[in-house]
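> Protein chains in written order, with the numbering used here: chain D, 11 to 320; chain U, -3 to 268.
No lab work stands behind these hints: they were computed from the structure. The model shown is predicted, which means the values in this text are computed figures rather than measured ones. Just so you know, even glycine gets a beta-carbon here, dropped at the ideal spot from N, CA and C.
Selected chain D positions facing chain U (in silico; Cβ < 7 Å):
{"no.": "1", "residue": "Tyr40"}
{"no.": "2", "residue": "Phe47"}
{"no.": "3", "residue": "Phe51"}
{"no.": "4", "residue": "Val54"}
{"no.": "5", "residue": "Met140"}
{"no.": "6", "residue": "Ser149"}
{"no.": "7", "residue": "Leu151"}
{"no.": "8", "residue": "Val158"}
{"no.": "9", "residue": "Gly159"}
{"no.": "10", "residue": "Ile160"}
{"no.": "11", "residue": "Glu164"}
{"no.": "12", "residue": "Phe166"}
{"no.": "13", "residue": "Gly274"}
Non-contacting residues of chain U with respect to chain D, defined by C-beta distances greater than 12 Å in every case (computed):
{"no.": "14", "residue": "Phe39"}
{"no.": "15", "residue": "Asp55"}
{"no.": "16", "residue": "Val174"}
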Amino acid sequence: MGRPGLGELDQDRRGAFGEMRRAVLIAVPYAWLFALFLIPFAVVFKISLSDIALAIPPYTPTAKDGIWNMLSQLDFENFIFLTEDDLYWKAYVSSLQIALISMLLTLLVGYPMAYAMARAPEQWRPTLLMLVILPFWTSFLIRVYAWVGILSGEGFLNQFLLWIGIIDAPLTILNTNTAVYIGIVYTYLPFMILPIYSALDRLDGSLIEAAEDLGCSRIKAFWLVTIPLSRNGIIAGCFLVFIPALGEFVIPSLLGGSGTLMIGKVLFEEFFSNRDWPVASAVAVILLLILIIPIVLFQRNEQKQVEAEG
Amino acid sequence: MNRLSSFNVVSLTLGFVFLYVPMLILVIYSFNASKLVTVWAGFSTKWYGELLSNDAFLDAAWVTLRVAVISSTIATVLGTMAAYVLVRGGRFWGRTLFSGMIYAPLVMPEVITGLSLLLLFIGIGLDRGVLTIVLAHTTFSMCFVSVVVSSRLVSFDRSLEEAALDLGASPWDAFRLVTLPIIAPAVISGWLLAFTLSLDDLVIASFTSGPSATTLPMKIWSSVRLGVSPEINALSTILIGLVTVGVIAASLASKQAAVRAKRDEQAAARAA
Chain D
11 MGRPGLGELD QDRRGAFGEM RRAVLIAVPY AWLFALFLIP FAVVFKISLS DIALAIPPYT
71 PTAKDGIWNM LSQLDFENFI FLTEDDLYWK AYVSSLQIAL ISMLLTLLVG YPMAYAMARA
131 PEQWRPTLLM LVILPFWTSF LIRVYAWVGI LSGEGFLNQF LLWIGIIDAP LTILNTNTAV
191 YIGIVYTYLP FMILPIYSAL DRLDGSLIEA AEDLGCSRIK AFWLVTIPLS RNGIIAGCFL
251 VFIPALGEFV IPSLLGGSGT LMIGKVLFEE FFSNRDWPVA SAVAVILLLI LIIPIVLFQR
311 NEQKQVEAEG
Chain U
-3 MNRLSSFNVV SLTLGFVFLY VPMLILVIYS FNASKLVTVW AGFSTKWYGE LLSNDAFLDA
57 AWVTLRVAVI SSTIATVLGT MAAYVLVRGG RFWGRTLFSG MIYAPLVMPE VITGLSLLLL
117 FIGIGLDRGV LTIVLAHTTF SMCFVSVVVS SRLVSFDRSL EEAALDLGAS PWDAFRLVTL
177 PIIAPAVISG WLLAFTLSLD DLVIASFTSG PSATTLPMKI WSSVRLGVSP EINALSTILI
237 GLVTVGVIAA SLASKQAAVR AKRDEQAAAR AA
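Bound-form chain D, shown alone (with noise of 0.2 Å):
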């Protein structure tokens, strides 16, 4: 106790300075997050409220001087708009069809892969999760591309079915509904596999072991023990798979015909074609108000992942 001083001086240092830091700490990602994220998110919103005018930027502000005035003014002819014709209505819900579908596919191609890579022996698994990972780094847009040369009329895929002699006419694929589920299975698969795997690999192997000993089949430990075990990886694989998928631009643009209608498509050539931004705000407030909640389903998962682990 020679000299108190010292340890405590010492730790009131590192409690002020640490304060300090912390502080600086989160305020720097916040305020960056809350300026470049959020923020842009209300420019949006008020947009979607606003009139097109032929100008550029090509909308009125319809909230000019102070909130009275701009809520007296708010008007939702755009979303008005949205209703009343059919076009966008069908393509939120073919939307959510394409990525709902293309999701469960997702999850029919990945899941054997996750199951087969957990089983597979420790040595080789490094290199099966690189092959996995391997496409993902690998250019969206390449990749999405590659399937135009395959899936077209006089395609490889068309060639590959009329020499082995199972069809004596090109199917038409490209420019398809089908075309769309193969690039979304395509492009999203390492999304499905990797959340799956990682909860496939911590799974206790004497947990299988136990319930076929108690006189399961493998069939049905499958079912009663794996599955329910590795639900988070499922569920983690499935928003990541049908989040993004359901405001999918470039899938739909390069694979779909003119059938295909997706929101990210409409959206995108709300905003470049016809250059209405008000119109094509709307519809991106809509979109938002359809994915809060799965996103924040998705949110609470992840977190709750990360606490269970800390």
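Given the coordinates of chain D, work out where chain U should sit on it, guided by the hints.
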């Protein structure tokens, strides 16, 4: 668990065939002499020559590279800070909002992110060009960085950092000398992820760039819309080659780092 059934083998084989055959076809046909991309007419590297003498592509590649390096570097700093806040920040006002702003961009459709940023930039009168693309890319890729880094921070043994502080290191020194080397692999893979996301992005760049800045994906997009072209196949092959070399090198490096870390830990355990 370590026995693969034939079903496992079949699903892995088919899965990898599905993942790799399309890219393989792309690579093979980039060496096709014919302009027709689905008919083989002999080996040739002429499309590579044409690509490399195409100034528009080279300019776009340069813009893309600059944007990717700058945005991924800023994103790595911000993302690492955000990861710290998520894992160590404790409770503070607006924590739920903060974690929401970290996780939402991961799944947010690009058209929405792009549109909203564009409207913001126009609203505040910022000229669109390289700067606005950098801001946009930094914003979404910092979230990916923070997820990667926070997964490493969660498993980080905090007592090491406390030991450094007890031994008289300043908080900054403790971070620089103890924490950073340990989380470095995650920070590096975060940077690589941010870099790739930026290189790859078409939609957000289309919204946020002006006439002065065209990125490579935008250039690819405008020519791909007209159909399959052998020049794009050549470009794809170059990109696929770079990524393959990069990923293999990174995974070898991280394997080595893991071996070294294990050896250090064992040595430390023996010493203690």
